[in-house]
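Engineer: The chain contents come next:
There are 2 protein chains.
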Amino acid sequence: MTLDRFFNPQSVAIVGASRQPNKVGYEVLAGLLKGGYPGKIFPVNPTAEEVQGLKAWPDLKSIGQTPELVLLIVSAKYVPKLMQECADLGVKAVIIIASGFKEAGPQGADLEKSIIRIAKNANMRIIGPNCIGLMVPGHKLNVSFGGDLPMPGSIGYFSQSGSLLAAIVDMARDARVGFSKLISIGNKADVDELAIIRALGEDPETRVIAGYLETIADGDAFIRQAERISMEKPILLMKAGFTVAGARAASSHTGRMAEVESAYECVFERAGVIRCESIKDQFDFARAFAYQPLPKGPRVAVIANAGGAGIMATDAIEREGLELAQFSDETQKRLSQSQELSRAASISNPIDLLGDALSDRYEFALRTVLNDPNVDTALVLLSPHAMTECAQTAHAIVRVANQNGPAKPILACFLGAGRVAEAVKVLREGKIPPYDSPESAVRTIKALCRYAVWKSRPARVVKLFNVNRHKVERIIERHVRLQQAEVGEMEAKEILEAYGFVTPEGGVATTPEQAANIANQIGYPVVLKIWSPDILHKTEVGGVKTHVNSEQEVIDVFDLMMYRIPKKVPRASILGICVEQMCTSGREVILGMNRDSRFGPLMMFGMGGRLVEVLEDVVFYPAPLTAEEARQMLVRTKTYDVLKGIRGEEGVDVGAIAEGLQRLSQLATEFPHIKEIDINPFVVGREGTTPIAVDAMMTLEKR
Amino acid sequence: MTLDRFFNPQSVAIVGASRQPNKVGYEVLAGLLKGGYPGKIFPVNPTAEEVQGLKAWPDLKSIGQTPELVLLIVSAKYVPKLMQECADLGVKAVIIIASGFKEAGPQGADLEKSIIRIAKNANMRIIGPNCIGLMVPGHKLNVSFGGDLPMPGSIGYFSQSGSLLAAIVDMARDARVGFSKLISIGNKADVDELAIIRALGEDPETRVIAGYLETIADGDAFIRQAERISMEKPILLMKAGFTVAGARAASSHTGRMAEVESAYECVFERAGVIRCESIKDQFDFARAFAYQPLPKGPRVAVIANAGGAGIMATDAIEREGLELAQFSDETQKRLSQSQELSRAASISNPIDLLGDALSDRYEFALRTVLNDPNVDTALVLLSPHAMTECAQTAHAIVRVANQNGPAKPILACFLGAGRVAEAVKVLREGKIPPYDSPESAVRTIKALCRYAVWKSRPARVVKLFNVNRHKVERIIERHVRLQQAEVGEMEAKEILEAYGFVTPEGGVATTPEQAANIANQIGYPVVLKIWSPDILHKTEVGGVKTHVNSEQEVIDVFDLMMYRIPKKVPRASILGICVEQMCTSGREVILGMNRDSRFGPLMMFGMGGRLVEVLEDVVFYPAPLTAEEARQMLVRTKTYDVLKGIRGEEGVDVGAIAEGLQRLSQLATEFPHIKEIDINPFVVGREGTTPIAVDAMMTLEKR
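As given, the protein sequences belong to chains A and B, one line each in that order. Those letters in the first sequence? Residues 16 to 718, per this note's numbering, in order. Those letters in the second sequence? Residues 16 to 718, per this note's numbering, in order.
Take the hints with a grain of salt, since some may be wrong.
Identical chains blur together in the list; that is why a pair holds if it fits in one copy or across any two.
[Stated by the list, open to error] With a Cα cut of at most 27 Å, we get these calculated DSS-like pairs of lysine-lysine:
#, residue 1, residue 2
1, K92, K128
2, K659, K560
3, K348, K117
4, K461, K295
5, K311, K295
6, K295, K440
Hints were generated in silico from the structure; no laboratory data involved.
Kindly generate the complete structure, drawing on both the sequences and the hints.
Structural biologist: Structure, rendered in structure tokens:
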């Protein structure tokens with residue numbers, strides 16, 4: 016069922032419509048009337064004959080017909096009864112403005128559950144509770160207390176914070192930004208961000224989906240749906256509560272900041288969602304996405320009538336990782352030979368047209384750079400000098416944009432306020448988004464580019480490796496039966512081997528002589544490790560000895576461990592000592608998987624070693640991974656250059672690491688029981704060698 | 016001589032005053048008249064009897080008295096002659112609006128030199144050329160074509176970009192920001208950023224100094240002056256042309272981005288200058304500095320009437336490294352027992368007063384948290400709900416601020432536009448700076464805190480070590496005499512030893528037996544290095560062998576080097592082979608100094624090793640260093656935790672590294688001849704051990 020009844024109802028009943036200004040029930044009805052809603056309005060008020068000039072009904076039933084949309088502006092305690100009335104009447108869409116539900120404690124949460132039950136049974140949908148309502152400017156529908164309707168437009172906005180939505184509506188009216196829909200989703204008892212994103216995705220009036228979220232209900236579904244919809248329309252999200260303190264304030268999941276932030280970041284990236292750091296950025300981005308085509312690449316041409324702004328834009332372009340376009344020979348020739356630009360201070364990028372540039376100089380320069388195949392986006396900057404033709408220049412830009420054949424995005428930043436006000440209006444009406452600083456314009460170009468790159472990414476093909484799934488099933492079943500959440504090194508390695516990983520050569524010895532034999536076969540140096548299902552943290556009990564170099568040393572280490580460890584952990588059953596090949600060459604990296612409570616299995620990659628641990632140079636990405644995604648995870652670490660080999664030093668087999676990540680991703684995907692895996696270290700050698708999973712840790716979900 | 020004649024002249028002559036609208040000579044005079052300048056105005060125009068209703072003079076002489084300030088709005092070529100006339104008349108202050116000087120090429124540069132000469136001889140000061148003039152709103156003086164005067168206020172602004180200044184004036188009028196002075200410094204032929212900063216520093220009407228710069232003329236003087244003035248007034252600088260591409264656009268110094276950016280960053284930091292990333296930030300910061308006291312610490316209390324904004328502020332506080340204040344027990348008690356806050360959703364920080372909060376609830380909460388000794392700054396957020404008393408709440412905040420005894424800064428962010436417009440006006444008039452987003456308010460608090468910390472830093476005492484200065488003088492003199500810019504390892508180490516550094520034990524051998532003897536004395540392993548004043552890059556010719564473990568190996572390596580290296584570099588004079596102790600324990604770091612062409616000696620510290628090289632985890636700071644500054648350099652690296660020792664691993668002697676930096680800083684300060692020093696690696700062991708300068712590289716300035 017779509018949300019059409021909310022967005023385009025033929026009739027609206029307002030239960031709690033009031034005659035008393037400043038009451039919510041008054042403001043909502045007044046807003047609906049002021050907006051010019053053309054459908055039928057049924058105020059419901061048991062104590063008044065008439066409300067704001069309209070006939071009032073004592074209750075829903077007495078209306079005598081079923082309103083398509085019902086608003087409940089009453090105390091929480093009356094809501095269940097009214098919901099039942101709605102159900103009985105066959106109402107299908109209800110907006111519950113009232114607060115006092117889940118957000119107010121356990122009692123409120125129960126109340127909320129009861130109304131969800133009623134709605135489910137009656138196949139009725141709810142927006143709210145604890146929300147400020149809904150606006151559809153194009154249909155003159157304002158059932159909210161968020162203020163007057165903004166202009167109609169193509170941005171669909173939803174917000175988990177009602178008051179923020181009210182502020183946004185106020186700012187939008189001032190900045191003349193147009194919206195298709197504005198929805199306050201409140202407690203998301205029924206209609207949540209996913210339902211809204213889906214509805215806006217299907218809505219022909221919406222070109223850009225934007226929203227403010229504090230929590231995400233179903234992470235897994237979010238990824239899948241958002242990814243699908245992002246292919247059609249950009250989704251711009253402002254996610255608050257990222258930091259630990261912020262999350263606590265939003266009373267959502269708390270954890271290490273880096274983790275929480277990384278999880279959202281990688282999920283947004285996978286799904287093509289554009290993350291906005293502030294409402295300002297979101298507005299800035301949304302306007303460009305609404306009106307401008309996507310750039311084909313990162314190369315920006317800058318046109319200015321003063322050095323200062325051009326330099327600021329150039330700094331920003333380099334900081335954001337975009338490129339200052341290198342003009343083609345033909346462009347350079349055309350610019351240098353032109354009459355209009357004969358006085359320009361610089362005809363290379365950024366072009367400085369000088370302070371006395373009139374609109375013709377701008378028009379010629381803009382037209383010329385847009386024709387250059389080396390230019391993907393044009394940024395036009397203007398500082399208002401005494402003789403500057405602000406408005407005419409704006410008209411010239413709009414003119415060029417309208418004739419801009421193979422469409423390239425054009426953004427403008429006219430610095431100033433009163434002196435450029437008229438020009439900014441011309442730009443807006445001509446669908447050239449105006450920015451208040453070179454930096455915000457460049458940030459917007461970056462957002463356009465990222466989305467364009469995401470959209471044209473190759474199809475996702477997840478490779479399936481040949482693995483021994485049964486073996487893993489058996490090991491996991493045994494652990495589940497025995498209620499063991501932690502999988503020891505032994506069996507963790509068996510599982511990894513079943514999925515194609517190579518573990519170090521070696522074996523378990525029960526006598527010193529046997530240990531020496533194994534070591535002699537492998538070759539020195541070797542590692543000795545205590546072998547016990549009861550000892551998970553071997554190092555802590557002195558159960559790991561590396562760099563063992565001779566037969567005699569193997570025998571000594573064996574005896575010492577067998578003597579000392581049972582004293583430390585008397586109850587542990589010790590099966591022997593594992594003698595293993597020691598990897599002395601190659602680079603140590605970490606492969607991991609952590610099943611996030613919201614987003615499912617997140618794959619992890621990081622460089623090994625203490626330094627990098629301090630630097631927290633790790634990357635996350637949701638499973639299942641494609642080959643390209645696995646490779647991108649590596650590329651995204653700051654230490655990637657070290658893997659490739661720096662300063663003539665030979666690099667390691669990067670492809671083998673990527674394959675390891677893919678195999679681990681397959682394991683995580685096929686066994687939802689596994690909560691956490693850590694292969695640390697995963698030792699990888701030069702091109703063509705087989706990397707070795709030296710140590711492994713695995714935890715299962717507790718049931 | 017001060018710049019008083021520019022800022023407060025009793026009479027102004029405008030050479031080139033015009034009757035023709037849109038000409039600069041018209042706009043400047045019109046602006047001066049419109050601003051209501053009370054002094055005498057002498058338009059100079061050889062072809063008109065009268066200009067804009069004022070009697071016009073054919074030339075300066077004929078005025079019959081000496082104007083205190085002269086504006087030259089004529090073509091560049093006429094400027095020298097007019098300057099001479101000014102000199103003859105005894106004029107002391109000239110603003111040259113004309114362009115066509117240094118910025119236009121070599122001819123223009125010559126012209127600029129000639130006018131500087133005239134000015135110097137006549138003890139006359141120049142602002143410009145190639146500028147848009149000057150504004151002093153408090154004196155109704157507008158000698159510029161930057162538009163109408165903004166409000167008088169306490170921000171002194173200067174800009175190297177005239178057009179940017181015009182845009183700023185336009186924005187300031189719109190945002191009702193007041194200024195004491197606005198100066199377009201143009202080509203800075205005479206009055207440069209330093210003269211302006213000094214003048215604004217002494218100006219009683221200026222509380223905050225702000226400016227936009229693309230280049231800094233005299234870096235060394237800049238550091239000293241800016242540091243002195245920053246103690247009195249904050250200096251907020253927007254420096255453009257930071258990135259390589261940006262610098263090229265500003266045609267200033269080009270270099271590696273990290274280097275250029277680090278140089279400015281560390282110099283700004285040393286001098287207490289607050290760097291602004293955008294004009295928006297600069298405006299935001301300037302207003303808080305102009306009207307609010309400095310915070311005593313980083314603890315922020317947040318008061319909001321909705322969850323959303325509070326969460327956004329909390330995220331920003333954590334990101335900026337500030338703290339969310341922990342309210343005292345008394346505050347918590349007071350908040351929880353109050354009538355006003357009985358309905359608040361959260362009385363812990365961030366306080367959520369709920370959407371129906373009226374001004375009394377805000378007033379009580381704000382008053383309470385300001386009284387809490389755990390709170391350093393209060394941030395008040397408001398989202399306009401239907402019933403919100405926006406303007407009254409603004410009045411309440413102003414009222415509390417005026418009674419705010421031991422003054423703490425109060426910042427406000429009222430989200431929205433039209434619905435909060437009146438409130439924002441009330442805040443502005445009450446000197447509570449209003450912000451357009453929680454993020455920009457928090458960024459501003461961070462700037463206030465950083466400046467407060469800088470201002471209260473301990474007095475800078477640079478320790479002077481006992482050193483053997485004469486020895487260094489002798490070595491350097493010899494190099495200068497022989498015109499050798501590069502100082503070899505041998506002598507570089509001698510210099511370092513003279514300044515108290517310890518270098519590895521060892522000696523130079525001329526026979527294999529001698530080498531073996533030295534090695535046997537030191538103990539193994541040792542390092543062998545080719546010893547030649549002609550070979551600076553020893554590794555490249557195979558002239559370094561580490562990990563030499565036995566007498567036999569020493570003899571073999573000796574012979575191999577002696578056989579192979581003369582073949583590779585036949586003309587090098589080889590003095591022998593140096594046998595040195597090899598540092599096998601301890602951590603490798605890099606100490607360095609690079610004499611920056613603008614800012615003098617910049618000290619450098621970084622972790623050793625390839626990984627960190629990739630990460631570019633290095634820190635710069637201008638010499639001479641105090642002990643605290645040296646320590647701060649270490650603390651500021653991302654890898655500092657590794658030095659202190661992580662995960663139970665023993666740390667190294669951090670104090671010994673700091674001392675090494677101070678000694679190197681003393682060397683760089685005492686010998687301006689030294690251009691560059693690199694001690695790499697500087698091997699430092701655990702607490703109490705002596706670090707060793709294992710290898711060193713030194714370059715002298717070319718003469």
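Engineer: Against this structure, judge whether each hint is valid.
Structural biologist: Status of each hint after checking the structure:
{"no.": "1", "hint": "K92 with K128", "in the structure": "within (13 Å within a copy, 84 Å between copies)"}
{"no.": "2", "hint": "K659 with K560", "in the structure": "between (31 Å within a copy, 26 Å between copies)"}
{"no.": "3", "hint": "K348 with K117", "in the structure": "between (67 Å within a copy, 26 Å between copies)"}
{"no.": "4", "hint": "K461 with K295", "in the structure": "both (15 Å within a copy, 19 Å between copies)"}
{"no.": "5", "hint": "K311 with K295", "in the structure": "within (25 Å within a copy, 30 Å between copies)"}
{"no.": "6", "hint": "K295 with K440", "in the structure": "both (19 Å within a copy, 21 Å between copies)"}
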